[in-house]
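Asker: Required output: the full structure, derived from the provided sequences and hints.
Spelled out, the chains give:
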Amino acid sequence: MIEVRQLKKSFGSQPVLEDVSFRIEAGESVTIIGRSGGGKSVLLKHIIGLLQPDAGEVLIAGENIVTMSERQLLRVREKFGMVFQGAALFDSMTVAENVAFPLERKKKFSPGEIAKRVATALEMVDLPGTQNKKPAELSGGMRKRVGLARAIIYEPQIILYDEPTTGLDPIVSDSIDKLIIRVRDQLNVTSIVVTHDMRSARRVGNHVLMLHEKKIYANCTPEKLFASTDPVVRQFVDGVADD
Amino acid sequence: MNFLAGTWVGEWLVGLGRISAMSRDAVLSLFTFRVAWRDLLYQIYFIGIKSQTVVLVTGGFTGMVLTAQTYFQFHKIKMDTATLAVVGVSMCDELGPVLTALMVAGRVGAAIAAEIGTMRVTEQIDALRTLATHPVDYLVVPRLLASQIALPLLTMESIALGIGSGYLVGTSLLGIDPAYLWYNMLKYTEPIDVVISLTKALIFGGIVALVGCYKGMTCGLGAEGVGKATTEAVVYSSISILISNFFLTLVLQRIALLLA
Chain L
1 MIEVRQLKKS FGSQPVLEDV SFRIEAGESV TIIGRSGGGK SVLLKHIIGL
51 LQPDAGEVLI AGENIVTMSE RQLLRVREKF GMVFQGAALF DSMTVAENVA
101 FPLERKKKFS PGEIAKRVAT ALEMVDLPGT QNKKPAELSG GMRKRVGLAR
151 AIIYEPQIIL YDEPTTGLDP IVSDSIDKLI IRVRDQLNVT SIVVTHDMRS
201 ARRVGNHVLM LHEKKIYANC TPEKLFASTD PVVRQFVDGV ADD
Chain W
1 MNFLAGTWVG EWLVGLGRIS AMSRDAVLSL FTFRVAWRDL LYQIYFIGIK
51 SQTVVLVTGG FTGMVLTAQT YFQFHKIKMD TATLAVVGVS MCDELGPVLT
101 ALMVAGRVGA AIAAEIGTMR VTEQIDALRT LATHPVDYLV VPRLLASQIA
151 LPLLTMESIA LGIGSGYLVG TSLLGIDPAY LWYNMLKYTE PIDVVISLTK
201 ALIFGGIVAL VGCYKGMTCG LGAEGVGKAT TEAVVYSSIS ILISNFFLTL
251 VLQRIALLLA
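Chains as they are written, first to last, in my numbering: chain L, 1 to 243; chain W, 1 to 260.
These are calculated hints, taken from the structure and not from any lab test. We treat Cβ as the ideally placed atom computed from N, Cα and C, and that holds for glycine. Accuracy of the hints is not assured; some may be wrong.
[As the list claims (entries may be wrong)] Straight line, CA to CA, 30 Å or less: simulated DSSO-like cross-link-like pairs of lysine-lysine:
| id | chain 1 | residue 1 | chain 2 | residue 2 |
| --- | --- | --- | --- | --- |
| 1 | L | Lys-116 | L | Lys-134 |
| 2 | W | Lys-50 | L | Lys-134 |
| 3 | L | Lys-224 | L | Lys-8 |
| 4 | L | Lys-116 | L | Lys-178 |
| 5 | L | Lys-133 | L | Lys-79 |
| 6 | W | Lys-187 | W | Lys-76 |
| 7 | L | Lys-134 | W | Lys-228 |
| 8 | L | Lys-79 | L | Lys-134 |
| 9 | L | Lys-133 | W | Lys-50 |
[What the hints assert, rightly or not] Which chain L residues stay away from chain W? Per the calculated CB distances, all over 12 Å, these:
| id | residue |
| --- | --- |
| 10 | Arg-5 |
| 11 | Lys-8 |
| 12 | Val-30 |
| 13 | Asp-54 |
| 14 | Glu-63 |
| 15 | Thr-94 |
| 16 | Ala-96 |
| 17 | Ala-115 |
| 18 | Glu-123 |
| 19 | Gly-129 |
| 20 | Leu-168 |
| 21 | Asp-174 |
| 22 | Ala-218 |
Answerer: Okay, structure coming up:
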């Protein structure tokens, strides 16, 4: 369903990704791990066409999105939902308006139906009754839940999570992980989670991609990754700093 | 030195290309995208209604000072009653549209750049794109339309108040004969002057909205980036208004002469 071929990206003279290739099948749940600043979020943004690579291809359901214009990409992006690191809620809108935004833009639903769907989406992320709150009134964890409700309301086929547990305490992180698993199982979506939280990587993915030195260093199941004796993998998994 | 000049010229050309592409996208979007009326009305309120005070004060006092200055010069050659005619033509052709646009650029252009710039640094523009919404459709088109609707109206208000306040200063403070003052103003201020004024306001409205949106959408990261984008939006839109005004005057006056 998603295939990345020989992807290369540099910012100025600084290469970030070099010859990155992998394939993700429909319904899979993949975590992308790697060190901070290692290009994980950059890779995620290439998958949804927010960034253009210097070389390589990104195929979504067989279509190469690299050559598409911004307007052509809009059609492809209807397959996607994305949860941002900082939630990226529209701060001038209420929670209900944020969650309803994709449906309002489609102009296919009546106001009553939109309100019902918003309530269902907010219940799914354990935030019922928060419709009239503004994003500024919510905690970090609540904002990410609203971001997830906005991403799932139009029932996308693929959901991308950009560091969903970064900056949250362990208990809220755990609840977000459970939420990702629940959404994956209930909606039967393909999930791609960028994280450097090893506990999340172990729990939410049935496949792990490890980015190291601009390349895919490991592409395996979480069990294999955590049992690996490779020094680079072990250093990252055990969280040991260089001497 | 040559390398720096090349870089500056290169950046300037890239910027010009991008703003042209954004303008083209906005115009194409006008024909294919159903405008969100609620957003458009809010922008008309924000750009038009909320700019009333600053525009009316500018128009009123410009008309008053122009009347006083013109009178002091014309009085020397006994042309007191032509004072308001000069004020009328000047307000319509130049001062009304230019000063209104500069005031709106300062207030609205800065606000547009700051709002969109903040959306960019907090990934809200990326969020729009992931929600299958083109940022130009959602952010640029309502602001562009609202600015092009509001600016001509604000300009007309400014001109009317400028001429009205000039008339009051001329008759009550400077002692000019009211009947001749008004008669000469009507005689020399022609409908084509109003058309020139409206045409300029329409174009300046486009400049303020497009430069503000462009600077916001391409701003650097962090608070510094937003601050810089806001300043640049005001500076670049003001300069663009002043430069384009010169060329618009040449072109529109030539057309007016041909039509006369």
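Asker: If a hint holds in the structure, say so; if it does not, say that too.
Answerer: We went through each hint and held it up to the structure:
| no. | hint | in the structure |
| --- | --- | --- |
| 1 | L:Lys-116 to L:Lys-134 | 19 Å, holds |
| 2 | W:Lys-50 to L:Lys-134 | 24 Å, holds |
| 3 | L:Lys-224 to L:Lys-8 | 27 Å, holds |
| 4 | L:Lys-116 to L:Lys-178 | 24 Å, holds |
| 5 | L:Lys-133 to L:Lys-79 | 28 Å, holds |
| 6 | W:Lys-187 to W:Lys-76 | 22 Å, holds |
| 7 | L:Lys-134 to W:Lys-228 | 28 Å, holds |
| 8 | L:Lys-79 to L:Lys-134 | 27 Å, holds |
| 9 | L:Lys-133 to W:Lys-50 | 26 Å, holds |
| 10 | Arg-5 | 22 Å, holds |
| 11 | Lys-8 | 21 Å, holds |
| 12 | Val-30 | 18 Å, holds |
| 13 | Asp-54 | 17 Å, holds |
| 14 | Glu-63 | 15 Å, holds |
| 15 | Thr-94 | 14 Å, holds |
| 16 | Ala-96 | 15 Å, holds |
| 17 | Ala-115 | 17 Å, holds |
| 18 | Glu-123 | 21 Å, holds |
| 19 | Gly-129 | 24 Å, holds |
| 20 | Leu-168 | 17 Å, holds |
| 21 | Asp-174 | 25 Å, holds |
| 22 | Ala-218 | 28 Å, holds |
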